[in-house]
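A.B. asks: Sequence:
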Amino acid sequence: MQLRYGFRLYPSAGQRTALARAFGCARVVYNDALRARETARAEGLPFPKSGDLSKTVITRAKQTPERAWLGEVSAVVLQQSLKDLDAAYRNFFDGLKGRRPRMGAPRYKSRKGTRQAVRFTANARWSITRGGKLRLPKIGDVRVKWSRALPSVPSTVTVVKDSAGRYFASFVVETGPEEVLPETTPELGIDLGLGHFAVLSDGTKIDSPRFLRRAEKRLKKAQRSLCRKEKGSKNRDKARIRVARAHARVADARREFHHQLSTKLIRENQAIAVEDLAVKGLARTRLAKSVHDAGWSAFVAMLEYKAARYGRVFVRIGRFEPTSQVCSQCGVKDGAKPLHVRVWACRACGAVLDRDINAAVNVARAAGLAVTACRAQVRRAYVPAPRSEAGTHPTPQPATAR
Numbered sequence: 006m007q008l009r010y011g012f013r014l015y016p017s018a019g020q021r022t023a024l025a026r027a028f029g030c031a032r033v034v035y036n037d038a039l040r041a042r043e044t045a046r047a048e049g050l051p052f053p054k055s056g057d058l059s060k061t062v063i064t065r066a067k068q069t070p071e072r073a074w075l076g077e078v079s080a081v082v083l084q085q086s087l088k089d090l091d092a093a094y095r096n097f098f099d100g101l102k103g104r105r106p107r108m109g110a111p112r113y114k115s116r117k118g119t120r121q122a123v124r125f126t127a128n129a130r131w132s133i134t135r136g137g138k139l140r141l142p143k144i145g146d147v148r149v150k151w152s153r154a155l156p157s158v159p160s161t162v163t164v165v166k167d168s169a170g171r172y173f174a175s176f177v178v179e180t181g182p183e184e185v186l187p188e189t190t191p192e193l194g195i196d197l198g199l200g201h202f203a204v205l206s207d208g209t210k211i212d213s214p215r216f217l218r219r220a221e222k223r224l225k226k227a228q229r230s231l232c233r234k235e236k237g238s239k240n241r242d243k244a245r246i247r248v249a250r251a252h253a254r255v256a257d258a259r260r261e262f263h264h265q266l267s268t269k270l271i272r273e274n275q276a277i278a279v280e281d282l283a284v285k286g287l288a289r290t291r292l293a294k295s296v297h298d299a300g301w302s303a304f305v306a307m308l309e310y311k312a313a314r315y316g317r318v319f320v321r322i323g324r325f326e327p328t329s330q331v332c333s334q335c336g337v338k339d340g341a342k343p344l345h346v347r348v349w350a351c352r353a354c355g356a357v358l359d360r361d362i363n364a365a366v367n368v369a370r371a372a373g374l375a376v377t378a379c380r381a382q383v384r385r386a387y388v389p390a391p392r393s394e395a396g397t398h399p400t401p402q403p404a405t406a407r
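Numbering (this note's numbering), first residue to last: 6 to 407.
Watch out, some of these pointers could steer you wrong.
In silico lysine-lysine, DSS-like type, Cα no more than 25 Å apart, as pairs [said to hold, decoys possible]: (1) K210 - K226; (2) K243 - K117; (3) K226 - K239.
DEER-style ranges, computed between Cβ atoms [said to hold, decoys possible]: (4) E188 - Q7: 19 to 29 Å; (5) E188 - K67: 29 to 39 Å; (6) R289 - Y310: 21 to 31 Å; (7) P53 - T180: 36 to 46 Å; (8) G200 - K150: 33 to 43 Å; (9) K269 - T44: 47 to 57 Å; (10) Q68 - A288: 17 to 27 Å.
Think of the hints as simulated: they come from the structure by calculation, not from any bench. For glycine and all other residues, C-beta sits at the position ideal for the given N, C-alpha and C.
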């Protein structure tokens, strides 16, 4: 499978100028190609192909006085910009055909965009020097902060400048079956939530770090300072970068937490099951900030690709599975319960169940995993018989939950 490895770059002043030139040229080529296709569509002409666009907006444009500065950057960067436009159109048309979620039509890139990127393929003859620097054509040897070794020779590198003004190098590498971990016994179900970030079927509860909530005071101060600055001024741009850096620190901390937890769970368990949560729907409620702060979708995506990478089993069950309503001991569906009910007693077998741990066990069982609730904090409790019909359940109940 293909993976991306990101590392921090520290370009010099001259290299930052060269990168800014590459970002601008790639943006101009993208916009020129998009304008050509939109013009052809408006006039009823055939859809321009990538080869014809390359000759028009790159090869011939370099020969004109208005676009002669396109020759100051690597031609590979410009060609990859056209491929990005092709990918944007392909995703748009696939969304219309129902092959993927719907996406909007490609839009023009703004010169004032805070995130910019250029991509170098093997044809650009970029390399990693013996001193550990990243050598880029017409940019130079850029200093890289290496945090780990690459598993294989990368095929492409993308240089990204984020909204906080930081530079990163993103390498695409191929990984093989040599990374598959030896088989192990445990199988795990995970119930994601807000009170606890994750509750495992073995009874473990992982607290939610709530990175955004803890940084709200600092973010509020930076945002207020930004609002007081005059639009278009240099002070406002500096304040915007301070806000972006504050948000970047929160996002980096959350991503690091997701990576550490997902790697630990994948290494220690042979199979993992999670519930397919309706994150978009929950993000439209009063819990929106807490839902976004948790980052469930990113965490589940990490579990999925790491399971495929290391030879583990990953199962995603349907979101309509009644995991919080079914007793993990006897399988009887005991009905819906309000959110403030964290511990409940089954009216059929009398087991006292922790709501979250019971849901995690049911998630694993719904996925077909062999889990037990031996450590799920289950205890027997005295349950009085119903007055209407002593010794039986007041309403017929299914023997097992489906």
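A.B. asks: A separate judgement is required for each hint: does it hold in the structure or not?
C.D. replies: Now for the hints, and whether the structure bears them out:
Of the pairs offered as hints, the one joining K210 and K226 is violated, with about 33 Å between alpha carbons and a cut-off of 25 Å exceeded. In summary, the hint linking K243 to K117 is supported, as the alpha carbons are separated by about 14 Å, within the 25 Å threshold. Our distance criterion of 25 Å between C-alpha atoms is met by K226 and K239, whose separation comes to about 19 Å. For the hinted restraint 19 to 29 Å between E188 and Q7, the CB-CB distance of approximately 25 Å keeps it satisfied.
Distance hint for E188 and K67: a CB-CB separation of about 57 Å, inconsistent with the stated range 29 to 39 Å. For R289 and Y310, the hinted distance range of 21 to 31 Å is satisfied, since their beta carbons lie about 27 Å from each other. Hint check: P53 to T180, Cβ distance near 37 Å, so the stated range 36 to 46 Å holds. Between G200 and K150 the beta carbon distance is about 37 Å. The supplied range of 33 to 43 Å therefore holds.
In this structure, K269 and T44 meet the distance hint of 47 to 57 Å, their C-beta atoms being roughly 54 Å apart. Taken as a hint, the range 17 to 27 Å is violated for the pair Q68 and A288, whose Cβ atoms sit roughly 50 Å apart.
Violated hints for the displayed structure, listed by number in ascending order: 1, 5 and 10.
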